[in-house]
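Given only the sequences and the hints, what does the whole structure look like? Please build it.
If you're matching them up, the sequences are chains E, V and B in order. Under numbering that gives the first Met the number 0, the letters of the first sequence match residues 0 to 82, in that order. Under numbering that gives the first Met the number 0, the letters of the second sequence match residues 0 to 370, in that order. Under numbering that gives the first Met the number 0, the letters of the third sequence match residues 0 to 343, in that order.
Simulated from the structure, these hints should not be mistaken for laboratory data. One or more of the hints may lead you astray.
The list that follows gives simulated cross-link-like pairs (lysine-lysine, DSBU-like), each with its CA atoms no further than 30 Å apart [what the hints assert, rightly or not]:
(1) B:K143 x V:K108
(2) B:K9 x B:K169
(3) V:K101 x V:K333
(4) V:K27 x V:K13
(5) V:K101 x B:K244
(6) V:K333 x B:K244
(7) V:K154 x V:K27
(8) B:K137 x B:K169
(9) B:K244 x B:K169
(10) B:K143 x V:K125
(11) B:K122 x B:K137
(12) V:K290 x V:K303
(13) V:K108 x V:K154
(14) B:K137 x V:K108
(15) B:K143 x B:K122
Here are some chain B residues the structure puts well away from chain V; computed CB gaps all over 12 Å [what the hints assert, rightly or not]:
(16) F32
(17) G165
(18) Q190
(19) S258
(20) G327
Every residue, glycine too, gets a C-beta built ideally from N, C-alpha and C.
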Amino acid sequence: MCLAIPVRVEQLTPGDNAIVNLGGVRKEISLSLVEDVAVGDYVILHVGYALQKLDVDEAEQTLALFAELNAHTDAQLADGSLA
Amino acid sequence: MKYVDEFRDGELAKNIAAHIAREAEPQKIYRLMEFCGGHTHAISRYGLADLLPANVRLIHGPGCPVCVLPVGRVDQAIRLATEQGVILCTYADTMRVPASDKLTLMRAKAAGADVRMIYSTQDALKIARDNPAREVVFLAIGFETTTPPTAVAVKQVQTESINNFSILCNHVLTPAAMHAILAVAGGVALDGFIGPAHVSTVIGSEPYEVFARDYAKSVVIAGFEPLDVLQAILMLIRQINQGRAAVENEFTRAVSRSGNLKAQALVSEVFELREFFEWRGLGTLPLSALKLRAEFAAFDAELKFNCEYVAVPDHKACECAAILRGEKIPQQCKIFGTVCTPENPVGSCMVSSEGACAAHYSFGRFRETKA
Amino acid sequence: MSYSRSLDFKQGRIEMSHGSGGRAMAHLISGLFASAFDNPYLAQGNDGAVLPQPSGRLVMSTDSHVVSPLFFAGGDIGCLSVHGTINDVAMMGAVPLYLSAAFILEEGFLLSDLKRIVESMAKAAHETGVPIVTGDTKVVEQGKGDGVFITTTAVGVVADGLDLSGDNAKSGDKILLSGTIGDHGMAVMSQRENLSFDAPIVSDTAALHTLVQDMLASGATLRVLRDPTRGGLATTLNEIAQQSKVGMFLNEAAIPVNSTVAAACEFLGLDPLYVANEGKLIAICAPGDADHLLAVMRSHPLAAQAAIIGEVIEDAHGFVQMTTRLGGRRMVDWLAGEQLPRIC
Chain E
0 MCLAIPVRVE QLTPGDNAIV NLGGVRKEIS LSLVEDVAVG DYVILHVGYA
50 LQKLDVDEAE QTLALFAELN AHTDAQLADG SLA
Chain V
0 MKYVDEFRDG ELAKNIAAHI AREAEPQKIY RLMEFCGGHT HAISRYGLAD
50 LLPANVRLIH GPGCPVCVLP VGRVDQAIRL ATEQGVILCT YADTMRVPAS
100 DKLTLMRAKA AGADVRMIYS TQDALKIARD NPAREVVFLA IGFETTTPPT
150 AVAVKQVQTE SINNFSILCN HVLTPAAMHA ILAVAGGVAL DGFIGPAHVS
200 TVIGSEPYEV FARDYAKSVV IAGFEPLDVL QAILMLIRQI NQGRAAVENE
250 FTRAVSRSGN LKAQALVSEV FELREFFEWR GLGTLPLSAL KLRAEFAAFD
300 AELKFNCEYV AVPDHKACEC AAILRGEKIP QQCKIFGTVC TPENPVGSCM
350 VSSEGACAAH YSFGRFRETK A
Chain B
0 MSYSRSLDFK QGRIEMSHGS GGRAMAHLIS GLFASAFDNP YLAQGNDGAV
50 LPQPSGRLVM STDSHVVSPL FFAGGDIGCL SVHGTINDVA MMGAVPLYLS
100 AAFILEEGFL LSDLKRIVES MAKAAHETGV PIVTGDTKVV EQGKGDGVFI
150 TTTAVGVVAD GLDLSGDNAK SGDKILLSGT IGDHGMAVMS QRENLSFDAP
200 IVSDTAALHT LVQDMLASGA TLRVLRDPTR GGLATTLNEI AQQSKVGMFL
250 NEAAIPVNST VAAACEFLGL DPLYVANEGK LIAICAPGDA DHLLAVMRSH
300 PLAAQAAIIG EVIEDAHGFV QMTTRLGGRR MVDWLAGEQL PRIC
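Here it is as structure tokens:
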């Protein structure tokens, strides 16, 4: 059971809940499984619960890694070392 | 969608694939098991196998909780709905699993049983509060990702003194399934694992260290999106080339070594290990599944109702067992695509869209059939 | 003139007598349906409408509407029932001329809701220029219906020599789509119990007959027109592939999806390819005409986001395949059963 999506916390609501937003779709979900979540944080949402906070620095670093691989390939294409 | 779309970028995917193609040594065969049902679906749905060289082979593992749910467990749920008149709440995934007597939860519902599809355990609690004169049973399935939400619900009913709610507990454990696959006499033809994404956000990366250490298998925990999967494959190839077997984490934005301690604590508070549990395809495994602790016995549907578990053998021609262990591929099952199709599934691998057979049938069967 | 009490639209409800053929039913028909639909055929008060001689071959189509909830963002069961059946006739290349409407009402249904639905139908009929010339009303006991079910039938005329049919697609033809997919299905789902969102997704329900007329006038060689309703784009393409005994190759990146619809599908684990549309069409045309047809479509307000999404290929198995945005290949298979939201 893996389907989970990263969503942005828009508003904290009573009962340890929050309204989250993904691409303009809003839903109220439970924060009972996580701690110290603030408005603006991103969380991983699964079956109506936040499972973990998303570390946005790590997310950016992972994307930067992909971009670096991209640049590396471009360089190899340019110098002919990549067929 | 932030943190989703960026990880689906086609150009970046081609690049990671180019690196994989360059770094995969032509004389080696890389056999990588992707354990998580969500990964199976993503690989098929995006056609990732087309981006990989022929010597990098992806094998689907048993990480689909619907696929490993024995027929007898679905029978239990159906009987509760049809014979005991409970409101049976379930996630959508189980609705079409074929059970005994040609029944499914969907067919039981069509015949008048009160079966309700829910999105969250909170929905099931609401149904219980709204229907105080009826018994509500939640069919709790899933690996470690889905167990904490059940734990929250159970604690809540205890706190709120709700007495018409119980669960049919079928929560199972990922490391136990990985052990079952690896602990085959004579060793198993696998070089590495693409570790589950969201199970790992809960349990952390630490539980996989035993597989690197004791079985010398490389493990890379991968995020859910196609770029994550491709990157994890690249990391596995590098490990294998270097002769290393370690646990690495590609999904650093959501997975730490220790995981979600709050969720883990809640789960241990509410659940304990079952001594044995039957898994479809993997047989009976020790210490591989959970049941409610004694303090929560009032919410255990197996104790509350008369609904004994009766084991039901699989259809003789069904190869789900071998497929779940990665020993066979769907095409090698005699009834794949003929008798057994998504409209008429014989085995669980065909029911769930994460199942290897359903994924191959729906997304990939054009590959075998020649025009 | 005898005293005629007006219908109680504030608190009144449908009663069994409204369907019994007696005075209450006549009152409902004249006070609500006939006055809203307002045309000489209905005003005559006969069981059937005598229509003028048609100027071409007749095309007829019928649809039943059971949507729940009855009212949703962008529309309701009323306008949906007008647009949907007009579209079926338009897909055959016909000009829609007349509609009939049959209502099955549940005892206890609020007259205020019925009025809202009927007014919506009247507005749709008026805007499209297709009058509702005859109809029927039945009432079932409380619990035996879901508020209201509506069946509409449309008739139209199609020009001589025009042959649009699902078995006409040929290898090499191009596949065009008139706009974003999944809007209607997600708008409806967003209001259902258990799956609620505050998303600004609006149903795309619309009558496509004027778009079709523009496309027919463009001079493009059209083979097939079809609107991807239940089962979505994927199902409709598979139907056509099977009828024409061909295969198809789609380009995922070319298929327009509204970003909020995409996000809602992510939330529910649904695939937009299988979600219903009520204001879109698929056109299959000869390859040389695709670019011109696209330009004509894009100048119509209902097809501003039209796109060429793929092509027809030789394939005895009739598979619909797709190049994913990652560059891999996958099949776009028939829908297996009902599309259930995935959690997993």
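Quick rundown of the hints versus the structure:
1. B:K143 x V:K108: Measuring from Cα to Cα gives roughly 18 Å; hence the hint holds.
2. B:K9 x B:K169: Between B:K9 and B:K169 the Cα gap is close to 57 Å, so the pair fails against 30 Å, i.e. violated.
3. V:K101 x V:K333: The given pair, whose Cα atoms are some 20 Å apart, holds under the 30 Å limit.
4. V:K27 x V:K13: Distance ~22 Å between V:K27 and V:K13 Cα, so the pair holds.
5. V:K101 x B:K244: Violated, at roughly 33 Å.
6. V:K333 x B:K244: Holds - the C-alpha atoms of B:K244 and V:K333 are around 27 Å apart, at most 30 Å.
7. V:K154 x V:K27: Outside the cut-off at roughly 51 Å; violated.
8. B:K137 x B:K169: With Cα atoms ~46 Å apart, B:K137 and B:K169 exceed 30 Å; violated.
9. B:K244 x B:K169: Between B:K244 and B:K169 the Cα gap is close to 9 Å, so the pair holds against 30 Å.
10. B:K143 x V:K125: Holds: B:K143 and V:K125 sit about 26 Å apart, inside 30 Å.
11. B:K122 x B:K137: Status holds; Cα separation ~23 Å.
12. V:K290 x V:K303: Roughly 14 Å between the alpha carbons, so the hint for V:K290 and V:K303 holds.
13. V:K108 x V:K154: This hinted pair holds, its Cα atoms lying about 29 Å apart.
14. B:K137 x V:K108: holds, 28 Å
15. B:K143 x B:K122: Judged against 30 Å, a Cα distance of about 29 Å means the pair holds.
16. F32: holds, 35 Å
17. G165: holds, 21 Å
18. Q190: holds, 15 Å
19. S258: About 7 Å separates B:S258 from the closest Cβ of chain V, which leaves it inside 12 Å; violated.
20. G327: violated, 2 Å
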